[in-house]
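K.L.:
Given next are the chains, with one letter for each unit.
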Amino acid sequence: MNSIVLIPLLPLLSAAVLILSTGKMPRTVASLMGAGSIGLSALCVALLASSFLADGEIRELTLWTWMSIGDFSPRIAFYIDGLTIVMMSVITGIGFLIHLYSIEFMWDDESLCRYFAYMNLFVAAMLLLVMADNLLLLYLGWEGVGLCSYLLVGFWYRDPDNGAAARKAFIVTRIGDTAMALGLFLLLTELGTLDIQPLMVAANTQWQTGDTLPVLATALLLGGAVGKSAQLPLHTWLPDAMAGPTPVSALIHAATMVTAGVYLIARTYGLFLLAPATLEAVAWIGLATLLIAAFAALAQNDIKRILAYSTISQIGYMFLALGVGAFASGIFHLVTHAFFKALLFLAAGAVIHCLHHEHNIFRMGGLRSRLPVVFASFVIGSAALAALPFTSGFYSKDAILLAAWSLQDIGPWLWAGGLLGALLTGIYSFRLVFIVFFGEARTEPDRQPGWKMAGPLILLCVLSIVGGWIALPLAGVFPAAESHPVNHSVEWISIGVPLLGLLLAYLMFLGGQISVDKLLSAPMARRLVDFWFSGWRFDQLYDLLWVKPYKAIAHWWRNEPVDALYNGIVAASQWGHRRLLILQNGELRWYATIMVLGLVLLLAVMLRNAP
Amino acid sequence: MDGLMVPMEHVLVVAGLLFTCGLFGLMLRRNIIFMLMSLEVMLNSAALAFVTAGAHWAQADGQVMFMLILTVAAAEVAVGLGLVLQIQRRFKTLDMDRANRLRG
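In the order they appear, the protein sequences are chains F and U.
Counted the way full-length UniProt numbering counts, the first sequence spans residues 1 to 611.
Counted the way full-length UniProt numbering counts, the second sequence spans residues 1 to 104.
Just so you know, these hints were derived from the structure itself, not from any lab.
Just so it is clear, CB atoms sit at the ideal spot from N, CA and C, and this is done for glycine as well.
There may be inaccurate statements among the hints.
Sample of chain U residues facing chain F (criterion: CB under 10 angstroms; computed from the structure) [to be verified]:
no.: 1; residue: LEU26
no.: 2; residue: ILE32
no.: 3; residue: MET65
no.: 4; residue: ARG90
Generate the whole structure from the sequences, applying the supplied hints.
P.N.:
As structure tokens, this is what we get:
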């Protein structure tokens, strides 16, 4: 049981040591600690997973009572079932590869020590999030990863733009987190506990399916999930979060943290099953997000922003899966997405690293022969992202689309939307590949990725291909999905659509049979692409709706209008004081005269009133 | 009550006149010495009124009050002259209109 404690403790301790060393640690030691602690942690997870696979027993571990207030005494306790094992494996496994990669990527950075401190802290917080036995501890991890995301997005803090991006990420997710906190309060007051398993039992006994309370509670939880997972309408922070170092984008903004919302919904699926309305909303949010982000990805020219939008889009697929009740498929897609998106981000990082921090895909080109390992990684990653047959993404996305198809009433609509998204995914992912790696070279790479970068890339390539055949130990975690016999034509369509996307991308960006310039020559098309490029102008909309009014109010408030009343009183008394000051002229004779006058006056009054 | 009989009213009118003289002196004179002297005149006018009233009602209280006022006047002069000395030393003048440093 002790090894379970070590899993989050090792990264936490390493983070503490790295922070306390205040950056004075030699590079070698810092990177050894940073990557090594995650490696050891991953080893512990592997041991735990193998023993779990052997006996399939759910492990519960209580360390201590966190606090005790009245009837409410949340514990520091871990609950480890198949879902947790899957998440822990992803976090530590991919986390280790990304840490290893980071050693080379960040080697020249002056703040290597700080980087590894934040990264280790992030892994610890993320592990806490998935291992937590109660929602309060989960919330601690949830906020911890949010903090690390903020710190790492703004890692190169000397550029004010990065700071702005970090603040945006923090504030936008905080909106969702507030909703989630309210949801937790509601659950605690209504059901009296935050321990996840008792909570689900209590909810099932106290609430009927479709009641108002479960709908409200799950809607609030969904708010948190939407913020963290960058779904509509709180998705605007993720493209800007690409300001951080690329391995950070790979770990936090692709593989792990942004999927925390998916994990939250899957973890509390018992509540969501009681609220069909919320579940349907999850599906629609997922669909809308995946389409909007896919269109936006088509128009970007920053390599990382394309990947960011594709991440939003893929998490939309996961939400779609959760919304149609295919929880296991959602988690499956989470895992395969973690593989291939981490691969794509790391490959993009390698391109950026070898090309003097070049981000614009139109200034790349012809890298196929110059960076062969990166090219292979990108092709495999894009194939998996586009869900070409026999890659990992194919199996998971196919499962989601079939689950959507099988749903009553709205199912075919969701399926059609998902299919359109798959087509767009094929186009934008191979547009990226064709533009960056084919054609003529515009920037020459000045170095080749070393083994610390190439190794993780190759491993993730393997995982991106075979990841679809891994059987996740999710049996017993989720209710068994009813399997409907699906028409074979549906399956053929979902296989064919990504290939169609690939073909279209080839014709447009490599073969030249479809001229992009001609397509864009229509004024409407140009405007549409600009619209997509700006991410459907969500930023401008929010600027108009929230940021500007908020700033206006803040500006007005800065003059402290409430204080005007008290300042007025002060001004009035000062004015009176100045008027009365005339009497106090310091002249003795004047005082005496006034006294006499007063005396005469008093005397006159008394005499007048005398009987 | 033989001898010179002066009606009480006359004496009180004299006392009133004396008091008014002292009051106007206090209000109009600028020299602190004259102001103090005016005060003395006012005190004495009050004392005169007491004595007159005591004589009129054949009570000793009036004379007791006269003694008290005399004492008070002496004390007042002692303090007042000390102040005069200080004022002279600080302001090099006895004009009270110029010693108005307590102006607000």
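K.L.:
Would you list, in rising numerical order, the hints stated earlier that this structure does not obey?
P.N.:
3 and 4
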